[in-house]
Amino acid sequence: MSKLTHFDESGASRMVDVSGKDVTDRVATAHASVTMRPETLRLILDKKMAKGDVLEVARVAGIMAAKQTGELIPMCHPLNLDSVKIDYTNNGADTVEIVSEVRVRARTGVEMEALVAASVSALTIYDMCKSVDRAIVIGDVHLIKKSGGKSGEFTFPVKK
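Following our numbering, the numbering of the sequence shown begins with 2 at its first residue and continues without gaps.
Simulated from the structure, these hints should not be mistaken for lab results. Every residue gets a Cβ at the ideal spot worked out from N, C-alpha and C, and that includes glycine. One or more of the hints may lead you astray.
As the list claims (entries may be wrong) - Listed below are the simulated PhoX-like cross-link pairs for lysine-lysine, each with C-alpha atoms no more than 20 Å apart in a straight line:
| hint | residue 1 | residue 2 |
| --- | --- | --- |
| 1 | Lys-49 | Lys-68 |
| 2 | Lys-131 | Lys-49 |
| 3 | Lys-151 | Lys-48 |
| 4 | Lys-86 | Lys-146 |
| 5 | Lys-151 | Lys-22 |
| 6 | Lys-146 | Lys-131 |
Said to hold, decoys possible - Ranges between beta-carbon positions, derived for each pair:
| hint | residue 1 | residue 2 | range |
| --- | --- | --- | --- |
| 7 | Met-65 | Asp-26 | 44 to 50 Å |
| 8 | Asp-134 | Gln-69 | 23 to 29 Å |
| 9 | Val-138 | Asp-26 | 32 to 38 Å |
| 10 | Gln-69 | Gly-153 | 33 to 39 Å |
| 11 | Gly-53 | Asp-23 | 20 to 26 Å |
| 12 | Asp-9 | Glu-57 | 21 to 27 Å |
| 13 | Asp-141 | Arg-43 | 33 to 39 Å |
| 14 | Lys-49 | Glu-154 | 20 to 26 Å |
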């Protein structure tokens, strides 16, 4: 097992020094799900929620959050992102699936930016719908895949 990189030999916290790493194209994709009452999903899809178009507001929130990840997560490097994309699917019954994709050309990856984008998008859906459904569940937040950098490719193992 690899040692944790955000601590030095004495156990002090540190931001990893990436100055010696190569600048490469890096992409990360993350997922989150939001499960709610079927009536709540119907209001979202029909754009009848009192606060407005839930999915578009959540998309903007996720994009904004990805850009702020270096300020939210203590050891993340601030990055000048090249692209943030958030897409939605739904099961037609009670769940919105969120997939975020973040791209950058840098010395460090964008996994945290993708995870933050998906998470904040999910939280925004909750915030915009809580007046009609407080039992919304946010879950299954995980990295789907990442590419670029010295560690190469990662794909989340598919559950069978």
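Here is what the structure says about each hint:
{"no.": "1", "hint": "Lys-49 with Lys-68", "result": "violated (29 Å)"}
{"no.": "2", "hint": "Lys-131 with Lys-49", "result": "holds (14 Å)"}
{"no.": "3", "hint": "Lys-151 with Lys-48", "result": "violated (44 Å)"}
{"no.": "4", "hint": "Lys-86 with Lys-146", "result": "holds (14 Å)"}
{"no.": "5", "hint": "Lys-151 with Lys-22", "result": "holds (8 Å)"}
{"no.": "6", "hint": "Lys-146 with Lys-131", "result": "violated (31 Å)"}
{"no.": "7", "hint": "Met-65 with Asp-26: 44 to 50 Å", "result": "violated (23 Å)"}
{"no.": "8", "hint": "Asp-134 with Gln-69: 23 to 29 Å", "result": "holds (27 Å)"}
{"no.": "9", "hint": "Val-138 with Asp-26: 32 to 38 Å", "result": "holds (35 Å)"}
{"no.": "10", "hint": "Gln-69 with Gly-153: 33 to 39 Å", "result": "violated (27 Å)"}
{"no.": "11", "hint": "Gly-53 with Asp-23: 20 to 26 Å", "result": "violated (43 Å)"}
{"no.": "12", "hint": "Asp-9 with Glu-57: 21 to 27 Å", "result": "violated (44 Å)"}
{"no.": "13", "hint": "Asp-141 with Arg-43: 33 to 39 Å", "result": "violated (22 Å)"}
{"no.": "14", "hint": "Lys-49 with Glu-154: 20 to 26 Å", "result": "violated (42 Å)"}
The structure fails hints 1, 3, 6, 7, 10, 11, 12, 13 and 14 (numbered hints given earlier, in ascending order).
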